[in-house]
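Asks: Residue numbers (my numbering), protein chains in the order written: chain A, 1 to 201; chain B, 1001 to 1201.
FYI, nobody ran anything at the bench for these hints, they're computed from the structure. Some clues are possibly wrong.
[Claimed, not checked] Output of the computed footprint for chain B on chain A, the stretches with three or more beta carbons under 8 Å from beta carbons of chain B:
1. 13-25
2. 60-67
3. 104-116
4. 124-132
5. 146-156
Glycine included, each C-beta is placed from N, C-alpha and C at the ideal position.
Protein chains: 2
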Amino acid sequence: MRRKTDQIRQRILDAAYESFWRSGFARTSIDTIGTRAKLTKRTVYSYFRSKDDLLAAVLNRYSELAAQRLQHIGDRIPVDLDGMIDSLFGQLAGWAGTTPRWSGSGFTRLVVELADLPGHPARAIARGQKAATEAWLSERLARAGVSLPTERARDVMTLMEGAMSLTLIHGDKRYILAAAVSAKTLTRNATSKAPRRRRTR
Amino acid sequence: MRRKTDQIRQRILDAAYESFWRSGFARTSIDTIGTRAKLTKRTVYSYFRSKDDLLAAVLNRYSELAAQRLQHIGDRIPVDLDGMIDSLFGQLAGWAGTTPRWSGSGFTRLVVELADLPGHPARAIARGQKAATEAWLSERLARAGVSLPTERARDVMTLMEGAMSLTLIHGDKRYILAAAVSAKTLTRNATSKAPRRRRTR
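Isolated chain A (complex conformation):
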């Protein structure tokens, strides 16, 4: 009985994830999710009180998956700075190219959709996931010998977010490739922060 219940719950979560991913949060209804899961709206509501609750459950699960993915990437990524950055942005470019319906970071998309609702619980989950990614990056940069890794992790995050937005806007992955070059420049510069004096000969 327990297992049956868990299975149905999982079916609803999968359908909700798929629906949110396809059409965004606002344009997805409990009806759509029910249809996709082949369950009645009534059944969906017996598992989740509202679309907001369902969204929170989906995001929590997606956060876990994202954390696992970072762990997985972390185990395989090159340790040297350039190799690491090439690998990160290369994966981003590969992901962006998988489908014409690619819609960028799901967490960013959600925050943008709920831009007028700063107190929405889903936004706290998205914020936590971005902070975790930034902390992970900072740790990797520190290991690669980058000075001020916290500041540089922020730079790399900013470039990744911006490149995802512009790739989505223009349908052009060159923004991601250019961002990789900029990320290298910014992190490499980090090892010598003092402004270079011009040499008088």
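On the provided structure of chain A, position chain B as indicated by the hints.
Replies: Chain B only, in chain A's frame:
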């Protein structure tokens, strides 16, 4: 009569702009727009055939305003590189701080909301506006003596977009201030592209 018609049209456009800005496109209905404009839904439909048409009209108008704003900024912005970048990102930070409901770039938000609809006419308008901003930036950077201004304009755009997303996600404007520093580093570096060799003493 003509004037009356124009006035009503303008009232609908203003109400639609305000509604889209407040709640995003997907969560705004023609009903909401009618109520805000103090007009019946029927009247709204007699001016615009659909919410999509209304969105296109709003965006076209907003694009014109954005072009005027760039012109205005361009007339006042410092010509030297650092002054220009401080001014651009300073304006961005000021804008982001005006209201807790600040939701980032309206054009970006729209593209994200319509992420699964790459052929939507509104996306072409948003794309055009971003391309125009990037071209404007490139021209300003060229005037400031930056080499490869097209590439560096892309970098600055990427940093601005990323900083807006992360400021929205974290409610923290430091992403914008940090992006300004990175923008200076990247554009300054542009004058000496060759990799620096380490000096053997």
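Asks: Compare the structure with each hint and give your call.
Replies: Results of checking the hints against the structure:
| no. | hint | verdict |
| --- | --- | --- |
| 1 | 13-25 | holds (count 3) |
| 2 | 60-67 | violated (count 0) |
| 3 | 104-116 | holds (count 9) |
| 4 | 124-132 | holds (count 4) |
| 5 | 146-156 | holds (count 3) |
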